[in-house]
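So the sequence lines, in the order shown, correspond to chains A and B. The numbers in this note's numbering rise by one with no breaks, and the one at position 179 of the first sequence is 179. The numbers in this note's numbering rise by one with no breaks, and the one at position 26 of the second sequence is 26.
Think of the hints as simulated: they come from the structure by calculation, not from any bench. Just so you know, even glycine gets a beta-carbon here, dropped at the ideal spot from N, CA and C. Hints may be right or wrong, so weigh each one.
[Said to hold, decoys possible] Below 20 angstroms or equal to it, Euclidean Cα-Cα: the simulated SDA-like pairs (lysine to any residue) are: (1) Lys34/A to Leu37/B; (2) Lys89/A to Lys105/A; (3) Lys34/A to Phe46/B; (4) Lys373/A to Leu28/B; (5) Lys341/A to Asp22/B; (6) Lys89/A to Leu28/B; (7) Lys373/A to Thr42/B; (8) Lys373/A to Phe50/B; (9) Lys373/A to Lys20/B; (10) Lys373/A to Thr45/B; (11) Lys44/B to His33/A; (12) Lys44/B to Lys341/A; (13) Lys89/A to Gln30/A; (14) Lys341/A to Phe51/B; (15) Lys44/B to Trp28/A; (16) Lys20/B to Met151/A; (17) Lys373/A to Glu18/B; (18) Lys94/A to Phe50/B; (19) Lys20/B to Val9/A; (20) Lys20/B to Ile348/A; (21) Lys373/A to Arg19/B; (22) Lys88/A to Leu28/B; (23) Lys89/A to Ala30/B; (24) Lys37/A to Asp22/B; (25) Lys88/A to Thr42/B.
[To be verified] Sample of chain B residues at the chain A side, in silico, Cβ under 8 angstroms: (26) Leu26; (27) Ala29; (28) Ile34; (29) Phe46; (30) Phe50.
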Amino acid sequence: MTDTNGGIVKYIPGLILCMILGWMALQWDQSIHKWQKDYQESEKILKAYDAKEGQPFLSFAEYAAKSEEKYTEKLAAFERGETKEKPKKPHLLKEKDYVTLATTKEISSKFSFGERMIQFQLTYVAVLLLGGMIIRNTIGLPKLFQPGAVMARPIIKPGIILLGGYYLWSNLLKVGVFALILVFIFIFGTTVLVAFLGRRLKQDDGLMGVMAAGTGICGVSAAVAVAPVVNAKPRDFFYAVGTILLFGTVALFTFPYIGKALGMSEPVFGAWVGTAILNTAQLVAAATWYGHDSLLTANIINIVRVGFIPIVVIFCIWFYVIKQATAEGRHEKINKWQVIKEKFPLFILGFFVMVTLNELGVFTDEHRTIFGKQFLQIFFAVGFAGVGLNIAFDDLKKAGGKAFVIGFIAATLKAVLSAIVVILIGTEAFRVK
Amino acid sequence: MAETKEFEEKAKKVFSAERKEDIWVLVLAAITVILGLAGVITPKTFPSLFF
Numbered sequence: 001m002t003d004t005n006g007g008i009v010k011y012i013p014g015l016i017l018c019m020i021l022g023w024m025a026l027q028w029d030q031s032i033h034k035w036q037k038d039y040q041e042s043e044k045i046l047k048a049y050d051a052k053e054g055q056p057f058l059s060f061a062e063y064a065a066k067s068e069e070k071y072t073e074k075l076a077a078f079e080r081g082e083t084k085e086k087p088k089k090p091h092l093l094k095e096k097d098y099v100t101l102a103t104t105k106e107i108s109s110k111f112s113f114g115e116r117m118i119q120f121q122l123t124y125v126a127v128l129l130l131g132g133m134i135i136r137n138t139i140g141l142p143k144l145f146q147p148g149a150v151m152a153r154p155i156i157k158p159g160i161i162l163l164g165g166y167y168l169w170s171n172l173l174k175v176g177v178f179a180l181i182l183v184f185i186f187i188f189g190t191t192v193l194v195a196f197l198g199r200r201l202k203q204d205d206g207l208m209g210v211m212a213a214g215t216g217i218c219g220v221s222a223a224v225a226v227a228p229v230v231n232a233k234p235r236d237f238f239y240a241v242g243t244i245l246l247f248g249t250v251a252l253f254t255f256p257y258i259g260k261a262l263g264m265s266e267p268v269f270g271a272w273v274g275t276a277i278l279n280t281a282q283l284v285a286a287a288t289w290y291g292h293d294s295l296l297t298a299n300i301i302n303i304v305r306v307g308f309i310p311i312v313v314i315f316c317i318w319f320y321v322i323k324q325a326t327a328e329g330r331h332e333k334i335n336k337w338q339v340i341k342e343k344f345p346l347f348i349l350g351f352f353v354m355v356t357l358n359e360l361g362v363f364t365d366e367h368r369t370i371f372g373k374q375f376l377q378i379f380f381a382v383g384f385a386g387v388g389l390n391i392a393f394d395d396l397k398k399a400g401g402k403a404f405v406i407g408f409i410a411a412t413l414k415a416v417l418s419a420i421v422v423i424l425i426g427t428e429a430f431r432v433k
Numbered sequence: 001m002a003e004t005k006e007f008e009e010k011a012k013k014v015f016s017a018e019r020k021e022d023i024w025v026l027v028l029a030a031i032t033v034i035l036g037l038a039g040v041i042t043p044k045t046f047p048s049l050f051f
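Build out the structure end to end from the sequences listed, making use of the hints.
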């Protein structure tokens, strides 16, 4: 099948492949999370048994009844207003597993495996990204699947929109204020820094314009938006995209571990990756990898950031076209409204609609679970499969030259400084709820 | 020069594809929300997809 097929047919094989990989990874994720819960429950049962010093295990029926009784008590206390948090339904071992535990007094190796996998953060996100990257760079991705695998990446976006059902405008404004400051200082700052450094080091305007927009604000989307404005050559464009992808890939696989090593809370990590990772898909993947609260914060920063694309384009027009024309004695004008209309990322309007519907009380807790946790995972899984399958080392090798050094230094500087700032600002400022 | 012009056209095409992509994304999210609000998708739907 080739491009001549046209239409959507050429995308189908790759999309189906991503859906299958996504489903397999979610199946894996469901299993390890269940085993981890079984592990924690088994540990609790064994501790209680040890505390009773040799008293026999309860029968399964007694164990289930006791758990239910405790839950009912906690629920009653919550309903009386004595506790703030609604208790969760207890996780019970299956009868067969309980009997095995009672007999052997040892935690099943399957449960320990689940616990270990979660400790190493090998959730569906890691499996899809690492698995996809390994497939792409070892056995390769046949041409038949390539258009669909590229098309799968934006399927992350409906997930971003659905996540809007989790926010209230007050949350959005609270975190949004910090997001605006971070975006303005770091993202716009990097764009300006790369542009000026490029001029100082006498680099080509086209290349540095694309690199400035790409490293500053939103990776490939911003590079695409700015490329025609600054008359970037194809070679420049691929150098810049190569640099952006290389930095994003390194960040994606290292930031979650750096975050853990630095003891970052989930909201702080979300703020960090939202500021420091250059590409929406990669930052959403890294934040999801870290935890749901991290994703909630990273999503706000990302929404603010992509909303800035038209402003960066206007800056690039001013810096590379208007300023230059003025210096040469010519007069050029920007139609700002036209730029905003053309370059504004439409999908973020969907996110704002979801926030408004939530504010109006349209969604119940069940709806929020369906949209913001369950279906979000489905969309993310298909999208992450596409992201993993599109990490080709050959593309990353396209990054090169002085421009690569400037871009990489600017992106690294932004990552280090933003890490310091978000840690200093602290968890509460970035916590969504 | 011809190469640059060709590239500009390509970049414009990519951007218009991103616009179309955003519209599809909005449609997909809207369908999910409508199905959820209508009760066609319930909290049991997702677990039922797995073993």
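Do the hints match the structure? See the list:
Between Lys34/A and Leu37/B the CA atoms are separated by roughly 28 angstroms; this puts the pair beyond 20 angstroms, and the hint is violated. Restraint check: the Cα-Cα separation between Lys89/A and Lys105/A comes to about 25 angstroms, which exceeds 20 angstroms; the hinted pair is violated. Between Lys34/A and Phe46/B the alpha-carbon distance is near 15 angstroms, which keeps this suggested pair within the 20 angstroms criterion. Under the criterion of a C-alpha separation no larger than 20 angstroms, the hint pairing Lys373/A with Leu28/B is consistent with the structure, at around 16 angstroms.
Restraint check for Lys341/A and Asp22/B: satisfied, since their Cα atoms lie roughly 14 angstroms apart, inside the 20 angstroms limit. As the CA atoms of Lys89/A and Leu28/B are separated by approximately 32 angstroms, the hinted pair breaks the 20 angstroms bound. Annotation: proposed proximity of Lys373/A to Thr42/B holds, straight-line Cα distance about 12 angstroms (limit 20 angstroms). The hinted pair formed by Lys373/A and Phe50/B meets the criterion: a straight-line CA distance of about 15 angstroms does not exceed 20 angstroms.
This hinted pair does not check out: Lys373/A and Lys20/B have alpha carbons roughly 26 angstroms apart, beyond 20 angstroms. For a cut-off of 20 angstroms, the pair hint linking Lys373/A to Thr45/B stands: about 12 angstroms separates their Cα positions. For the proposed pair Lys44/B and His33/A, the alpha carbon gap of about 17 angstroms is at most 20 angstroms, so the pair holds. Taking the CA atoms of Lys44/B and Lys341/A, the gap is near 41 angstroms; set against the 20 angstroms cutoff, the hint is violated.
With a C-alpha separation of about 18 angstroms, the suggested pairing of Lys89/A with Gln30/A holds against the 20 angstroms cut-off. For the hint pairing Lys341/A with Phe51/B, the CA-to-CA distance comes to about 47 angstroms; that exceeds 20 angstroms, so the pair is violated. A distance of roughly 18 angstroms separates the Cα atoms of Lys44/B and Trp28/A; the hinted pair therefore holds under the 20 angstroms criterion. With a CA separation close to 12 angstroms, the supplied pair Lys20/B and Met151/A stays within the 20 angstroms bound.
Between Lys373/A and Glu18/B the alpha-carbon distance is near 26 angstroms, which puts this suggested pair outside the 20 angstroms criterion. A C-alpha spacing of about 18 angstroms is found between Lys94/A and Phe50/B, which places the hinted pair at or below 20 angstroms, so the restraint holds. A hinted pair counts as satisfied when its Cα atoms are at most 20 angstroms apart, and Lys20/B with Val9/A qualifies at roughly 17 angstroms. Pair hint Lys20/B plus Ile348/A holds up; C-alpha atoms about 14 angstroms apart against a cutoff of 20 angstroms.
Between Lys373/A and Arg19/B, the direct Cα distance comes to roughly 26 angstroms. Violation of the 20 angstroms bound is thereby established for this hinted pair. Distance restraint check for Lys88/A and Leu28/B: the Cα-Cα separation of roughly 31 angstroms exceeds the 20 angstroms cut-off, and the hinted pair is therefore not satisfied. For a cut-off of 20 angstroms, the pair hint linking Lys89/A to Ala30/B is broken: about 31 angstroms separates their Cα positions. For a cut-off of 20 angstroms, the pair hint linking Lys37/A to Asp22/B is broken: about 38 angstroms separates their Cα positions.
Straight-line distance between C-alpha atoms of Lys88/A and Thr42/B comes to about 19 angstroms, which keeps the hinted pair within the 20 angstroms bound. The interface hint given for Leu26/B holds, since its Cβ lies 5 angstroms from the closest Cβ of chain A, which is under the 8 angstroms cut-off. For the restraint placing Ala29/B at the interface with chain A, the shortest Cβ-Cβ distance is roughly 4 angstroms, inside the 8 angstroms limit, so the hint holds. Hint on Ile34/B is violated. Least Cβ distance to chain A is approximately 11 angstroms, over the 8 angstroms limit.
For the restraint placing Phe46/B at the interface with chain A, the shortest Cβ-Cβ distance is roughly 4 angstroms, inside the 8 angstroms limit, so the hint holds. Using the Cβ-Cβ criterion of 8 angstroms, the hint placing Phe50/B at the interface with chain A is satisfied: the shortest such distance is roughly 5 angstroms.
In summary, the structure is inconsistent with hints 1, 2, 6, 9, 12, 14, 17, 21, 22, 23, 24 and 28 from the numbered list given earlier, while agreeing with the others.
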